[in-house]
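*Asks:* Residues per chain, in single letters:
Number of protein chains: 2
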Amino acid sequence: MSAVTAEIITIGDEILYGQIVDTNSAWMGTELTKIGVKVKQITSISDSADHIIKALDEATLRADVVLITGGLGPTKDDLTKHVLASYFNTSLKLHEPSLADIASLFRLRGIELTELNRQQAFLPENCTPIRNVLGTAPGMWFERNGKVYVSMPGVPFEMKRMMTDTVLPQLKEYFDTPHIIHKVVQTVGLPESILAEQLETWENNLPEHLKLAYLPHLNGVRLRLTGQGTDEAKLQQELQQEVDKLQYIIPNHIFAYGEVPLEEAIGLMLKERGLTIATAESCTGGFLAHKLTSIAGSSAWFIGGVIAYHNEVKIQELAVNAETLQEHGAVSEATVRAMAENVRLKFDTDIGVATSGIAGPDGGTPEKPVGTIWIAFSDKYKTEAKLLNYNKSRLLNIEYTTMAVLNLVRQSLDTTVEE
Amino acid sequence: MSAVTAEIITIGDEILYGQIVDTNSAWMGTELTKIGVKVKQITSISDSADHIIKALDEATLRADVVLITGGLGPTKDDLTKHVLASYFNTSLKLHEPSLADIASLFRLRGIELTELNRQQAFLPENCTPIRNVLGTAPGMWFERNGKVYVSMPGVPFEMKRMMTDTVLPQLKEYFDTPHIIHKVVQTVGLPESILAEQLETWENNLPEHLKLAYLPHLNGVRLRLTGQGTDEAKLQQELQQEVDKLQYIIPNHIFAYGEVPLEEAIGLMLKERGLTIATAESCTGGFLAHKLTSIAGSSAWFIGGVIAYHNEVKIQELAVNAETLQEHGAVSEATVRAMAENVRLKFDTDIGVATSGIAGPDGGTPEKPVGTIWIAFSDKYKTEAKLLNYNKSRLLNIEYTTMAVLNLVRQSLDTTVEE
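Respectively, the protein sequence lines represent chains F and X. Note that full-length UniProt numbering gives residue 219 to position 219 of the first sequence, counting from 1, and the numbers run on in steps of one. Note that full-length UniProt numbering gives residue 348 to position 348 of the second sequence, counting from 1, and the numbers run on in steps of one.
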């Protein structure tokens with residue numbers, strides 16, 4: 001049986017003019033691959049009826065599934081719905097449930113439902129509407145000659161929610177795709193090249209139907225082991241056996257099994273152990289606390305934090321000695337240690353973490369160039385500080401530093417998380 | 001005269017499978033637009049000879065310029081060069097200058113020149129080679145029937161250097177291109193549909209050669225006005241005239257002219273007026289401070305912040321009355337007002353802002369469902385609080401709340417920024 005094939009069509013000038021980067025297609029490509037659907041082509045076109053129809057015709061020749069995003073907005077330059085109606089020889093009809101959704105969304109926002117938005121509830125008669133719980137434009141599912149055509153909004157979070165809740169499960173069912181199982185092992189602390197060297201022998205001995213992918217990431221390298229077969233149970237077992245071997249090859253570099261972000265892995269672990277944490281941030285400016293509080297239920301273990309951007313705040317709020325700042329400067333081991341220790345005492349938590357560095361682009365000196373960053377971890381047993389040297393953009397320095405702190409917490413508490 | 005049209009073809013499975021996001025095309029789209037070349041389609045395909053030829057045929061029907069990236073690596077799954085040779089009925093021939101470049105690159109890296117890399121200097125006889133000063137794969141420029149075909153490596157920095165140094169200037173010269181100018185006006189506080197209604201008359205009266213696009217965004221709707229013509233000065237003037245009209249139609253909803261993010265617009269304004277700001281965050285958990293400190297030079301106006309996740313912290317650090325919390329709860333106008341006022345006093349800043357709400361997915365109640373969020377702004381003249389109601393994912397509730405706070409600051413200080 002040959003793999004089910006897909007084509008992704010994105011509609012809208014903003015992608016063609018480079019006003020926005022098309023991240024939707026990459027996400028869709030990843031998710032389709034996971035369910036064994038092979039993406040043959042990604043096509044970005046303008047909001048023009050002729051062009052949309054041409055693209056649909058060409059995609060029909062190539063693919064079993066055509067996923068269309070964009071052009072569903074309420075304004076007159078959004079043509080997709082009307083083009084699809086004529087492409088599938090049908091007309092638009094009011095879809096009451098969609099109108100109800102749109103109306104309730106506007107009630108919630110406390111604004112008047114406009115005629116333009118009311119129009120969004122008119123859908124091609126022969127499509128199966130797909131509910132949009134996060135926006136006003138419903139999705140549309142069409143079937144013709146055994147092929148499936150799905151139209152979704154271009155707004156990333158609306159599209160993703162529709163794909164996850166409706167489109168992906170329905171595609172699996174409609175095409176009865178073969179079993180494709182992925183196991184993800186997340187590693188930190190080893191660059192891809194060195195990791196590849198250590199895993200070479202293991203990788204070369206993998207059975208034919210198991211494939212390994214290295215997916216480098218902000219916080220390390222994700223290893224994705226993919227197996228394809230008809231016997232799901234057997235496949236699961238084979239994958240697990242190979243994953244188990246990894247624990248002996250790179251024991252100290254695996255932080256999670258499955259798609260668990262580092263911050264979530266840490267949250268799970270803190271919750272398990274009943275530990276609490278507080279943050280004292282200078283150069284990361286709140287991003288560290290944000291990463292931790294982005295996890296649902298984080299209020300169980302995240303107590304609070306201080307963003308000590310100015311030295312005055314470091315002194316007043318985190319009891320850093322003025323002398324320490326005078327002598328060693330804000331970006332120093334002494335300062336960051338004091339910040340981590342004192343934020344822990346201030347908020348009476350089990351753990352305190354701190355960051356102080358030069359994120360750039362300004363503020364660097366010959367002794368402390370941009371990217372010089374100190375981080376620290378403190379609990380009742382010990383306080384550890386670490387010097388980082390990045391030479392990236394301001395935002396990347398902030399993100400890398402945050403991940404380094406999370407990894408320092410992980411290492412200090414030495415843990416691995418199962419999804 | 002109709003605009004010169006282009007198609008971008010990217011070759012390689014890693015984009016189709018979502019392993020990498022195609023940022024090259026967006027960059028190329030922006031640069032091509034700047035020189036008046038209109039991108040008609042972006043096509044991502046796999047490294048297969050048939051597919052590449054099919055894509056070239058289709059692109060030839062649509063575009064005057066076909067820009068191809070990827071598939072120029074030294075390994076055997078890189079087919080582009082061979083496919084192009086046969087597509088243009090020619091054979092590969094050693095190009096000495098390219099070999100010299102490759103050899104010197106290897107000398108520089110101190111590694112032996114491999115046969116595989118030597119092969120990269122063999123190029124189609126009838127192409128004009130494009131020098132690659134940053135990598136081993138030369139680019140190729142073909143001309144046929146007045147159309148131009150350019151092949152470049154997929155490595156972003158190699159492609160960008162080739163485009164900037166060679167391809168863009170040569171395209172401008174080859175096709176005597178018209179001027180295309182974009183003006184972006186960023187709005188907040190009005191959903192796309194309502195904005196469209198208010199702008200309808202103005203939009204309908206735009207001259208033929210000026211085109212309006214609505215680009216919805218996390219923090220509002222970006223309006224992109226695009227003009228095309230031969231007289232650049234005249235075009236600039238026409239666009240400015242139309243943009244000026246907008247100030248009278250939606251005076252309170254324009255926060256910036258040009259591609260300035262809201263947080264940067266606020267940073268510029270605070271700096272201009274010599275004002276400082278501090279943040280007191282509950283539900284946004286540090287993201288608000290992060291947005292502000294993501295701006296280079298923010299230490300000039302951002303002093304510090306408190307992340308008061310637990311009520312204890314709200315009481316201890318932000319002097320919120322225990323009675324207030326008892327009576328009204330943490331998610332209340334009284335609490336958020338106190339947080340904004342007290343963080344301003346605590347850090348002795350001109351402005352204090354605060355957030356307190358239920359980001360979800362847990363923690364909702366019938367009276368205060370998930371997405372119930374209070375925000376506040378405080379300066380020495382006034383304290384304003386606002387109730388928000390979102391029903392999005394945790395992360396989106398956090399992001400939307402942050403943008404709402406930034407917009408509250410903008411409105412309270414009533415400002416608009418010029419790029």
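Take these hints with a grain of salt, some might be off.
One copy or any two copies: either way a pair holds, since identical chains are not told apart in the list.
[What the hints assert, rightly or not] Here are the simulated DSSO-like pairs of lysine-lysine, each with C-alpha atoms no more than 30 Å apart in a straight line:
#1 368 to 211
#2 38 to 271
#3 38 to 380
#4 54 to 382
#5 392 to 93
#6 93 to 76
#7 271 to 234
#8 382 to 38
#9 172 to 271
#10 368 to 147
#11 160 to 245
#12 172 to 386
#13 172 to 54
#14 386 to 54
#15 234 to 392
#16 147 to 76
#17 54 to 234
#18 211 to 76
#19 34 to 386
#20 93 to 234
#21 147 to 160
#22 183 to 386
#23 172 to 160
#24 211 to 34
#25 147 to 54
#26 368 to 245
#27 34 to 54
#28 234 to 76
Read the hints as simulated data drawn from the structure, not as lab findings. Owing to the predicted nature of the structure, the values given are computational and were not obtained by experimental measurement.
*Asks:* All hints, please: hold or fail.
*Replies:* Hints versus structure:
1. 368 to 211: neither (44 Å within a copy, 49 Å between copies)
2. 38 to 271: Classified as neither: same-chain Cα gap 38 Å, cross-chain 51 Å, threshold 30 Å.
3. 38 to 380: neither (51 Å within a copy, 60 Å between copies)
4. 54 to 382: neither (65 Å within a copy, 58 Å between copies)
5. 392 to 93: between (53 Å within a copy, 28 Å between copies)
6. 93 to 76: within (18 Å within a copy, 53 Å between copies)
7. 271 to 234: neither (34 Å within a copy, 63 Å between copies)
8. 382 to 38: So residue 382 and residue 38 fail the 30 Å test inside a copy (50 Å) and across (58 Å) alike.
9. 172 to 271: Classified as neither: same-chain Cα gap 35 Å, cross-chain 54 Å, threshold 30 Å.
10. 368 to 147: neither (60 Å within a copy, 45 Å between copies)
11. 160 to 245: neither (34 Å within a copy, 38 Å between copies)
12. 172 to 386: neither (47 Å within a copy, 45 Å between copies)
13. 172 to 54: So residue 172 and residue 54 pass the 30 Å test inside a copy (27 Å) and across (29 Å) alike.
14. 386 to 54: neither (56 Å within a copy, 48 Å between copies)
15. 234 to 392: Neither, since 45 Å and 39 Å both go past 30 Å.
16. 147 to 76: For residue 147 and residue 76, only the intra-copy Cα distance (29 Å) is at most 30 Å; the inter-copy one is 33 Å.
17. 54 to 234: For residue 54 and residue 234, neither the intra-copy (42 Å) nor the inter-copy (36 Å) Cα distance is at most 30 Å.
18. 211 to 76: between (46 Å within a copy, 12 Å between copies)
19. 34 to 386: neither (38 Å within a copy, 43 Å between copies)
20. 93 to 234: Neither way: residue 93 and residue 234 sit 48 Å apart in one copy and 46 Å across, limit 30 Å.
21. 147 to 160: Intra 21 Å, inter 39 Å, cutoff 30 Å: intra-copy only.
22. 183 to 386: neither (32 Å within a copy, 45 Å between copies)
23. 172 to 160: within (16 Å within a copy, 39 Å between copies)
24. 211 to 34: within (13 Å within a copy, 40 Å between copies)
25. 147 to 54: both (17 Å within a copy, 21 Å between copies)
26. 368 to 245: neither (42 Å within a copy, 49 Å between copies)
27. 34 to 54: both (29 Å within a copy, 27 Å between copies)
28. 234 to 76: Between copies only: 28 Å across chains, 53 Å inside a chain, cut-off 30 Å.
Hint compliance for this structure: hints 1, 2, 3, 4, 7, 8, 9, 10, 11, 12, 14, 15, 17, 19, 20, 22 and 26 are not met, and every other hint is.
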